[in-house]
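Chain order of the listed sequences is A and B.
Just so it is clear: in the first sequence, position 103 is 103 by my numbering, and no numbers are missing.
Whatever position you read off the second sequence (first residue = 1), add 442 for my numbering.
Calculated from the structure, these hints are not laboratory results.
Glycine is no exception: its CB is placed at the ideal position from the N, C-alpha and C atoms.
Check each hint, because a few of them may be wrong.
Stated by the list, open to error - What the simulated footprint calls covered on chain B by chain A, stretch by stretch (three residues with Cβ under 8 Å from a Cβ of chain A suffice, anywhere in the stretch; the number is not a length):
| hint | stretch |
| --- | --- |
| 1 | 507-516 |
| 2 | 635-647 |
Stated by the list, open to error - Computed far set for chain A versus chain B, every beta-carbon distance over 10 Å:
| hint | residue |
| --- | --- |
| 3 | Val30 |
| 4 | Glu33 |
| 5 | Asp40 |
| 6 | Ala41 |
| 7 | Pro42 |
| 8 | Val97 |
| 9 | Arg98 |
| 10 | Ser100 |
| 11 | Ala204 |
| 12 | Gly320 |
| 13 | Gln339 |
| 14 | Lys353 |
| 15 | Arg372 |
| 16 | Ser383 |
| 17 | Arg414 |
What the hints assert, rightly or not - If the Cβ cut is set under 10 Å, some of the chain A residues that face chain B in the computed set are:
| hint | residue |
| --- | --- |
| 18 | Ala99 |
| 19 | Phe356 |
| 20 | Trp375 |
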Amino acid sequence: MMERHALTEATVAERFRGMEARLPEIDVPVEAERCFYCYDAPCTRSCPAAIDIPAFIRALALGQPARAASIILRENPLGMSCARVCPVETLCEEICVRASDAGGPVRIGLLQRAAMSECAPKAATPVPVTNTRVAVVGAGPAGMTVARLLAEAGVQVSVLDAGDRPGGLNETGIAAYKMLDDAAQKEATWLLDHPHIMFRGQMALGNDVTLASLREQYHAVVLAMGLAGQRRLAIPGEDLPGVAAAVPFIAAMRRGEAVAVGKKVLVIGGGMTAIDIAIQIRLLGAEEVHICYRRGIGDMGASAHERQLAREQGVLIHPGLRPLEIREAAGGGLDALMQSLREEDGKWIASGKSEFWHADQIFTAIGQGLDRSAWRGDAELMSLALDAQGKIAVDDAGHTNLPGVWAAGDCAGRSSDLTVHAVADGKRVVDAILAARKQEAA
Amino acid sequence: MASLYSSFVGISSPNPFWLASAPPTDREVNVERAFAAGWGGVVWKTLGIDPPVVNVNGPRYGFWRGDNQRVQGFNNIELISDRAIGSNLEEIARVKARWPDRALVVSVMFPLEEEHWARWLPEIEATGADGIELNLGCPHGMSERGMGSAMGQAPQLVEAVTRMAKAHTRLPVIVKLTPNVTDITWSASAAKTGGADAVSLINTINSLIRVDLDTMAPEPCIDGKGTHGGYCGPAVKPIALHMVAEIARNQVLAGLPISGIGGITSWRDAAEFLALGAGNVQVCTAAMLYGFRIIEDLAEGLAAWMDEKGYASVAELQGRAVANVRDWNRLNLNYVTKAKIDAERCIGCGRCFIACEDTSHQAIARLPDSTAYQVKPEDCVGCNLCVAVCPVPNCIDMLPMRTGTDPRTGSPIRSAPMSWLEHPENPVGAVACKTEE
C-alpha cells in the first residue's frame, strides 16, 4: 500500500511545526541567566567549533540576540544550522557544569537557536581582496565554512558544486522539521553572499572540471564534496521497487516532490539519518515504522535524544536485527528476511533465528561513501590517497597526499559526520592554507 | 511555638510585622485586606493638610531586575496621600474599631507651623489610632516643598518637628528617618532630644533607577521626562541594616526603640533587623511585589526559626547581634582564615580561579589536566571573593587557623586577639584611633 505525498506548506504547518524545538521567548532570559558564565568553560572546550558559549549566553541574557549571534558566528559560520542539528546532549550540554542539577544543564542548544533564529547576521565590511585564489569543491557545511572564512580573510574563492544550489546535506539530507522556513537555504545564501566568493553550480569534479586544471588555476584546492555514494546492504532484492536509500529520498522530499509513503515501513540503520527518515515518513502518513539495527541500542549513532524523538512519534526501534534478503511479497509489497543477532563478549553474532517481515517500503540508512564514479577519467583524482574507510586520507591539518590539495568534511578521513565537525574541519583547513600562503610569501 | 507577640513603644500587635506607610496602607480597603491576611500592624499612608497633593498620572514606579526577572530594586515618585485628610480619618476610625488587636499608626507630614499640629493630632488621636509616625524622609516631591527629607536632613528641624508633634499628642511619636544623610546618628539624636518615643528607618534612598536608552529619558518616565525617586526593595537592605546598627550600638542613643525598615522580603531579613536591635519591622516592597499573603511566610518562617534556635519571644531575640558590630579598628588582626574548596562539591566552573587570579591574590591553582581547583594557603589572604563568586552552596569555606604558622606571612597564629589599636605598626597608637567605648 503506497500513497504519494508531497511536503507542502500545509503538511509542514500541520505535522512538522510541533516537532520544532524552541524555547518560548519568555524563557530565553530565564534560561540564559542559569548559565554560571564559567571561566575556560567546559562547554566551549567540548564544542568542536569552539563557540564562546558563556559569552553568547550572557549577551542573550542582557537582551542582545544580534550580538549573541555574532559571537556564535565568529567561531562557527554555520551557527544557525548547528543550533538546529547539533547533538548538544552529547557535546556542550553533556559537560555543562549544571548537568547534574535537578534542572539539568543549561539548554545551550535552544539558547543558540534563540540567538540565531530571529537575526539576519550583519554583513561585515569585507577586507581588501588579496591575490590568493582557492577553489572549493562542494558547497556543503565544510565547503561553505572554508569559503566564507577564506573570503573574510581576503581570499578569492570559487565554490564548485555538482548540484544547482549550495547547502549540501544541510539542504538535502537533514530532517525537514529541523530546517523549517527554508533555514538551510537562507544560511547558505548568507554564507556565500560575499564579494570575494563566486558560486558555480552544475560543476562536478571529474566530469565538468579536472583536479589538474583546478590546481593550475588556484593556489589551493579544498575537496569538500561529502559522501554522495549510498552504502549498500549487498543482499538480494536490494534494488526492488519500494527499497530506497534514505538520503536521496529525503532530498526529493525537501525539494517538495511528491514521494511514495508506505503504510508499513522498515528502516535499516542506526544513525541520525535512520531516525530522520523514520520520523518523517511517519509524519507523512506511514502507520507503522520500524527501525532495525544490527547492534545494541547504545551502539546506535543516533543520540538518546533523537531516539526519544522517534519513539514519541510512535517509531519502534529494534536492536540486534539485520536483513538477509528482500523479496516481492505474494500479495504486493515486500518481505524482508530479518535475522536476529545477540551480543556475546561485545560482539553481535547471528542467533540463528530469522523470519520474514512484511513491509510496503524499506529504507536503507547505513551510511554513505565517497562517490568516485566520475573520477576515473581524472588521473590526479585517482592518485589521491584514500584511508582504510575509503575516504580521502588527510593529515592533522587536512592536507591530502597531493601538494596544495586539502580535504574537509565528510569526504575527509579524519572527520566524523556531524555538521559541527565539518565546520571544525573547515576552520583547520583555512588556518593551514592561510599559514601556507604566508610562508610562501615570506 | 515561639510567641511573635510584639509590644513596641507600648503599641501591641500579634506579630512584629507592620506594613510601612506607603501605597499598601493608602485606604480602608487595602488595610482591611492586610489585617485579614494577618499583618500585625500598619502605618497608614502619610496624611498631609488639605488640599491634598496631586500625583502624576503616568508611571510612578521604576525597577531593576536581577536573575530570573526578580525585582531587586524599586523606586517611586508617588507623593503622600492624595485624598482629603478628613476621609482618611473616618476610614482609620472604622478600621481600628474593627481590628482592636492590631497596631494602627498614622503617618503625618505637616508644615512646621503649629496650627496644623494643634488641629490634626487630636483628631487623629480621636480615631483610636495607636501612634503617630513623622514622615521626615520622603526624598521627592514633598522635599521640594520643604517637608519630607528636607526636614529629615536637618537635625535641628528633626528636633523641632518632633517637639511640636509631642506637644500636641499623648500618643507615642515615631520619627521616620531619611537615609539621605551623612551620619544617621545625628538625625536619631535630634529626634531623641525632641522627645521621640522611637525612630523608624530607613525611608527610601534618593535614586535615579534607570535610563531608557531608546528615549534617553529616566524612568519612571512622564511624557519623556523623569525625576529622582525613592529607592527601596531588597537592594537597600544592607544600607538599612548598617543605619539601624549604628543607632542601636550608639551609647548616647541606647534604649531608643527602633522600627526596622528596608528591603525586608523574608523572615531571615526580619530576623537580621531584630538581631541588630530593631523592636519590630516594617515591610512595603515585598507586599507590593507579592501581595499581602507573604505575611504568612514571614510570620511562620520567623516563628519556626525562633523555635529551632530556642528564642521564646521577639524580645529575647532583639539586639543579639548588636555587641558584635564594631568599628574596624576593633577587629582582631590576629584572626587568620584560609579558603578551602570542597573537591566533592566543586563543579569546575573556574569562577573562583579567574576572580582570584585576575582581581585578587593569585591564590587558587588549577590542578594539571583537570578542572579541579585548589587554594594556595601561602597566597590566600582570606578575602572571601571566591566564596562570593562560587555558584555552589557550601562549596568553598573560610576556615580559621587556630594554631601553627600562617604560610602567607610566616607569623605564628596567636590565640590572643589584637586590634589595630594595639598593633605594633599603628604609628599613632591607641589614643588617636579610639572612637569606640
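Status of each hint after checking the structure:
Evaluation of the coverage hint for the stretch 507-516 of chain B: fulfilled, as 3 residues show C-beta separations to chain A shorter than 8 Å, against a requirement of three. Against chain A, the stretch 635-647 of chain B contributes 0 residues with a C-beta closer than 8 Å to a partner C-beta. That does not satisfy the three-residue criterion, and the hint is violated. Distance check on Val30 of chain A: its Cβ comes as close as 6 Å (rounded) to a Cβ of chain B, failing to clear the 10 Å threshold; non-interface status is violated. Not every beta carbon of chain B lies more than 10 Å from that of Glu33 of chain A, the smallest distance being close to 5 Å; the non-interface claim is violated.
Its closest Cβ contact with chain B, about 5 Å, brings Asp40 of chain A to no more than 10 Å, contrary to its assignment away from the interface. Not every beta carbon of chain B lies more than 10 Å from that of Ala41 of chain A, the smallest distance being close to 7 Å; the non-interface claim is violated. The non-interface label for Pro42 of chain A is inconsistent with chain B: the shortest C-beta to C-beta separation is roughly 7 Å, within 10 Å. Once the 10 Å rule is applied to beta carbons, Val97 of chain A is inconsistent with being away from chain B; the minimum gap is 4 Å.
Distance check for Arg98 of chain A against chain B: the nearest CB is about 7 Å away, which does not clear 10 Å, and the non-interface claim fails. Its closest Cβ contact with chain B, about 8 Å, brings Ser100 of chain A to no more than 10 Å, contrary to its assignment away from the interface. Every CB of chain B is more than 10 Å from the CB of Ala204 of chain A (nearest about 47 Å), matching its label as outside the interface. Annotated as non-interface, Gly320 of chain A keeps its C-beta farther than 10 Å from every C-beta of chain B; the closest such distance is 38 Å.
Under the 10 Å C-beta cut-off, the non-interface status given to Gln339 of chain A relative to chain B holds; the minimum distance is some 46 Å. Listed as a non-interface residue, Lys353 of chain A keeps its Cβ farther than 10 Å from every Cβ of chain B; the least gap is roughly 48 Å. Taking the minimum C-beta to C-beta distance to chain B, about 42 Å, the non-interface status of Arg372 of chain A holds against the 10 Å cut. Interface exclusion of Ser383 of chain A from chain B stands, the closest Cβ pair being 42 Å apart, more than 10 Å.
Here Arg414 of chain A stays apart from chain B, with its beta-carbon at least about 24 Å from theirs, past the 10 Å limit. Restraint check, Ala99 of chain A versus chain B: the minimum CB separation of about 9 Å is within 10 Å; hint holds. Annotation: Phe356 of chain A was flagged as interfacial toward chain B, and the flag is violated, the nearest CB pair being 53 Å apart, outside 10 Å. With its C-beta approaching chain B no nearer than about 44 Å, Trp375 of chain A sits outside the 10 Å limit, and its interface hint is violated.
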